[in-house]
Amino acid sequence: MDALLAHLDYVAVTIVFCTGLYILLVRQNLLKKLIGLNIMETAVFAFIVTTGMVDDGDPPLLTGELGPLFASPLPHALVLTGIVVAVSVTSLALALIVRVHREHGTIELDELLDRDGR
Amino acid sequence: MRPAIAALVVGLVALVLLAGLIALPEPGAPDSPAQRHVSAEYIDGGSQAGGAANLVTAVLLNYRGLDTFGEVLVIFSALVAVLVVLASAPQTGSAQPAQRLAPSPVVAFIVRLMAPFMAAFAAFVMISGAHLPGGGFQGGVVLGAMTILLAVAMGRDRVARMLRGGARFWVRAAAPLVFALVALIGWASTGWWFGLPGPGPFRDALVLALDIAIGVGGAAVLAGIFLALSRE
Amino acid sequence: MAATDLFDLAVLTLMIACVISIARTRDLVKAAVLFSVYSLVLCLLWVHRSAPDVAMTEAAVGAGITVALFLYTIAHVGRHEK
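Protein chains in written order, with the working numbering: chain S, 1 to 118; chain P, 1 to 232; chain L, 1 to 82.
Isolated chain S (complex conformation):
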């Protein structure tokens, strides 16, 4: 229990990640599934930035007036690349959803599978 309270950030990130995973598994609407995927991605970014944090640390700028303890710049760069990749995946998924709706008239996964004859 003490360990859980000490790592409260990580517990919150796990709860958000698992809620996103639940949305992705249960909801049948393709757009809702995509929102769940985005929630999972942002939860992972929050985790990565939190591992680079230092208590009473300053942003990693070396202009001379910030203190001796800096937050680590490497997780920030990784998360920036990650946000770009998340935007790319989301935009391509949205284009595919629009195309699926144009071809079949619905974006509910169970209706699409029934229509396919399964």
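Bear in mind the hints are in silico, worked out from the structure with no lab data behind them. All residues carry an ideal CB built from backbone N, CA and C; glycine is no exception. Check the hints yourself; a few may be wrong.
Said to hold, decoys possible - Only pairs whose alpha carbons sit at most 25 Å apart, straight line, appear in this in silico DMTMM-like list of lysine to aspartate or glutamate: (1) S/33 to S/103; (2) S/33 to S/114; (3) L/30 to S/108; (4) L/30 to S/41; (5) L/82 to S/114; (6) L/30 to L/81; (7) L/30 to S/110; (8) L/82 to S/103; (9) S/33 to S/111; (10) L/82 to S/108; (11) S/33 to S/110; (12) L/82 to S/111; (13) L/30 to S/111; (14) L/82 to S/110; (15) S/33 to L/27; (16) L/82 to S/116; (17) S/33 to L/81; (18) S/33 to S/108; (19) L/82 to L/27; (20) S/33 to S/116.
Claimed, not checked - Reference listing, derived: stretches of chain S covered by chain L, where coverage requires no fewer than 3 residues with Cβ under 8 Å from a Cβ of chain L: (21) 5-12; (22) 17-26; (23) 39-50; (24) 87-100.
Position chains P and L against the provided structure of chain S, taking the given hints into account.
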């Protein structure tokens, strides 16, 4: 998947994740392994070896330039893929045409008033990425968001006509092309791909060119994706 | 310890509340707007974690561009999920 089974799976995943995350050092501890090895080297190397006082820009463009090149290629291929997927003839089975509601005149006026200031802010963030928080992609997304706001206020077709033909093609491809050019220059001057030369005005100019190219290219790609999705 | 002051607890609770509301709603426009709120709360968290570049990018991307793309797609496909 039935909600009960999904809840069970999600509960198992949560237990496994928590068991792993509790074993990590506490967030914020200054002596955790994430702070010590590579990050300590980057912070000690400082702006001399890194190339910028903003360490995140130094990591993105100098220490990990190859990763940033990959990211620029990913967002460019996303634009190409979206244009391919949405290129076929529309309106084959849609239920009803989307109703166009004009935005209220207050919104339209405010957006047109603020657009030059947004563009100036985006340019400032792009150019001052070396010594203030900011950099290439940050300015690029502000510029892309400004384009989307203008399209909502002024009508999508007017914004799509602003940049046409050949100029549109080159602006969208600006980021990968300039990156490849800088890689060649780096190979010619230091012997390593993406290697930036020593401290001096030449390196500052290269970092500035990379920032502007990533910003403008990223904004053009995001605006292109938005215009493709809002066509009908 | 890292997350014991009131600001951190408020931000983390708000994040979890936003995500649970997204899971429960059936209206897609409401889900998109809640996602924009969630992105802004995340941006606040990152400013508190000394990450200004990441906060700037997340504010523009998550709260602006992604939600605009979602709303234009909802205009094509319909607002309510079954």
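Exercise. Is the hinted pair residue 33 of chain S and residue 111 of chain S satisfied, with a Cα-Cα distance of at most 25 Å?
Worked result: It holds: about 15 Å lies between the C-alpha atoms, which stays within 25 Å.
For this session: For the pair we were handed, residue 33 of chain S and residue 110 of chain S, check the Cα-Cα distance against 25 Å.
Result: Judged against 25 Å, a Cα distance of about 13 Å means the pair holds.
Problem set entry | Agreement of residue 30 of chain L and residue 81 of chain L with the hint, judged by alpha carbon distance not exceeding 25 Å | 11 Å, holds
For this session: Examine the stretch 17-26 of chain S for residues whose CB is less than 8 Å from any CB of chain L, and state whether their number is three or more.
Result: Since 4 is at least three, the answer is holds.
For this session: Measure nothing beyond the straight line between the CA atoms of residue 30 of chain L and residue 110 of chain S; if it is 25 Å or shorter, mark the hint as holding.
Result: Answer holds: residue 30 of chain L to residue 110 of chain S is near 23 Å, not above 25 Å.
Exercise. Taken at face value, is the distance from the CA of residue 116 of chain S to the CA of residue 82 of chain L at most 25 Å?
Worked result: Roughly 19 Å separates the two Cα atoms, so the pair holds.
Exercise. Are the Cα atoms of residue 33 of chain S and residue 27 of chain L separated by 25 Å or less?
Worked result: Roughly 13 Å between the alpha carbons, so the hint for residue 33 of chain S and residue 27 of chain L holds.
Exercise. Is residue 82 of chain L within 25 Å of residue 111 of chain S, Cα to Cα?
Worked result: 10 Å, holds
For this session: Tell me if chain L covers the stretch 5-12 of chain S under the three-residue, 8 Å CB rule, please?
Result: Three-residue rule met by the stretch 5-12 of chain S, so holds; n is 5.
For this session: Closer than 8 Å, Cβ to Cβ, for at least three residues: run that test on the stretch 39-50 of chain S against chain L and report holds or violated.
Result: Since three or more residues must qualify, the claim that chain L covers the stretch 39-50 of chain S holds, with 6 doing so at under 8 Å.
Exercise. Within a Cα-Cα threshold of 25 Å, do residue 33 of chain S and residue 108 of chain S meet the stated pairing?
Worked result: Given that 25 Å is the threshold and the Cα spacing comes to 10 Å, the pair holds.
For this session: Count residues of the stretch 87-100 of chain S with a Cβ under 8 Å from any Cβ of chain L, then say if the count reaches three.
Result: Coverage by chain L holds here, the residue count being 6 at a Cβ distance below 8 Å.
When the structure is compared with the earlier hints, no violation turns up for any of them.
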